[in-house]
Amino acid sequence: MESRKKKSGLQRPLIGAILFALAVLPVVYPHPFAITLLVFIGIYIIVCTGLSLIFGYAGQLSLTQAAFYGIGAYTSAILTTRYGVSFWLALAAASALPGLIAWALGAPILRLRHFYLAMATLAFSEIVLVFFIQEVDITGGPTGITHVPAPEVFGYKLDTTTKYYYLVWLLAVAVVGFSYNLIRSKYGRALRAIAENEVAASAMGVNVPAMMSIMFVLSAVFAGLGGSLYAHYVSFVSPDTFSVSLSIMLVIMVAIGGVNSLWGAVFGAVFVTVLPSMLGAYRQYAMLVYGVVLVLALMFMPNGITGLFQDAAHWIGRRRAASKDEVKEPAG
Amino acid sequence: MSRLQLEGVSRRFGGLVAVSDLSFTVEPARITALIGPNGAGKTTTFNMVSGLIRPTSGRITLGAQDLTRLAPHRICMAGIGRSFQTPHIFGQMTVLENVMVGTRVEAPAGLLATGLRFPSAVHEDHDVADRAMQELVFMNLAHLADRRAGALALGQQRMVEVARALATRPKVLMLDEPAAGLTHAEVRGLKETLIKIRDKGIAVFLVEHNMRFVLRTAQHVVVLNFGEKLVEGPPDQIANDERVIAAYLGRGREAQLAQG
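So the protein lines, in turn, are chains H and F.
Counting in this note's numbering, the first sequence runs from 1 upward without gaps.
Counting in this note's numbering, the second sequence runs from 1001 upward without gaps.
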């Protein structure tokens, strides 16, 4: 019990500081490139948090996340450009539709495990991609849909990157907060129980299929939400954005960030978004660098970047405890 | 109080009859032991009651409720708690969290309420932690609450599993070889614990190899051999039964069937 208190005691000021920094950043450092990067980081955090629930916590490798992201983006784009639907309604629909599809898809495929589940989700992603490319009447085919309008919030147009930044991060914080609350509740415990031992979990009253379905749906809802935000930000959608390689990239993000913590999704999103811009002229080698980093990460830090931080915190804690003992010893 | 009843339960694996036409009753507030040589069908029987495998034929009921075709989590909710032969502990979680998984049965807060931290969900989480802690106190494990469960010794892991099963508020507590791998002192402690659990009115139902432990602890013993019930009765009668002695010392060991 004590350890849990200690943890939240350390995390709360940290989270407060991060939120404060995010809030004032566009004011004190209004660099357009940095803000743009942060908009994408925010969007990827939303998408990765969803993936973290199903992949990180329940331990099931899903390669559908980019497909749900794409479905969200297309739903929003189609509804706003062709039917004049308002942004909020489109956002809601773009989140709900992937959720519904995940619910229907989950019934047959979530019985599969490990590589079989990965393959089934991979197949689904390919089908969605073919749909985006071939169904020209609905999706605009290979050219996609252009002129997706900037969102309007109560008559206030979010037409600058800075305004959009606040919208994205408001939603990102909400998504991470919601997921965080779930993770430390009975849902999180049930998920971790499933990841460790499904038989024991079910014998303890955990409805394994229902729990997996809930998390799959939730991950799809978050992906759709992120997709909608993406579409309204870049103002166009085209099929090649949502290829399977993005799904793999998202899995890499979560793996590098650390699979058994929501912070992993956050760190992963930051890393994968920032890296290509750091590579500058060598950007075309980004995939190569991800590959190398992933291999190195899996070899030397299986708990990802988050794990490194946790190890450091443990190490400092032990050092402190040790120095306390040293002080005690002469007295005792 | 509701009793667990097996009526003509059979289970075939292909051509192999693992359990054949098995009938017996597990009464509340009594310790019932299921014994038999290796491969007699004890664990298969356990797995059928807890829904991990389905009987080929027969009926399993708890009070008025038919468990025969229910999913494992439904059977748990109906009032069957269990432990496993090799500890199926959630090793990466703390001992307290392990037991809290068991308390799901009584935690109704929904996804939205939990994700948005509604007061009801927050209260529920506190209540659940308290309940889990009570079970740990009952099992004398409170001092281990914050330890990572996977780091515990085997005996302690078994006891955590019992606490976790108790947290599901079982009417029947099924323990698969709880004494295996325990020290003498731990076995004595286990006996006292089982009696305490029985005295709460819970039906304790165990599979056990340690005959001395069974004869001293159980009030009712069911003996299986080659998937069939050989005999059942109070322990002193079982200990002197010719057929039981023959099964244990005689031909029983020839059949090393798959289901341990």
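Warning: the hint list may mix true and false statements.
As the list claims (entries may be wrong) - Short, incomplete list of chain H residues facing chain F, as computed with Cβ under 7 Å: (1) Leu-182; (2) Ser-185; (3) Ala-193; (4) Ser-202; (5) Ala-281; (6) Arg-283; (7) Gln-284.
Simulated from the structure, these hints should not be mistaken for laboratory data.
For each residue, glycine too, the CB sits at the ideal point set by N, CA and C.
Out of the numbered hints, which ones does the structure contradict?
-> Violated hints: 5, 6 and 7; rest satisfied.
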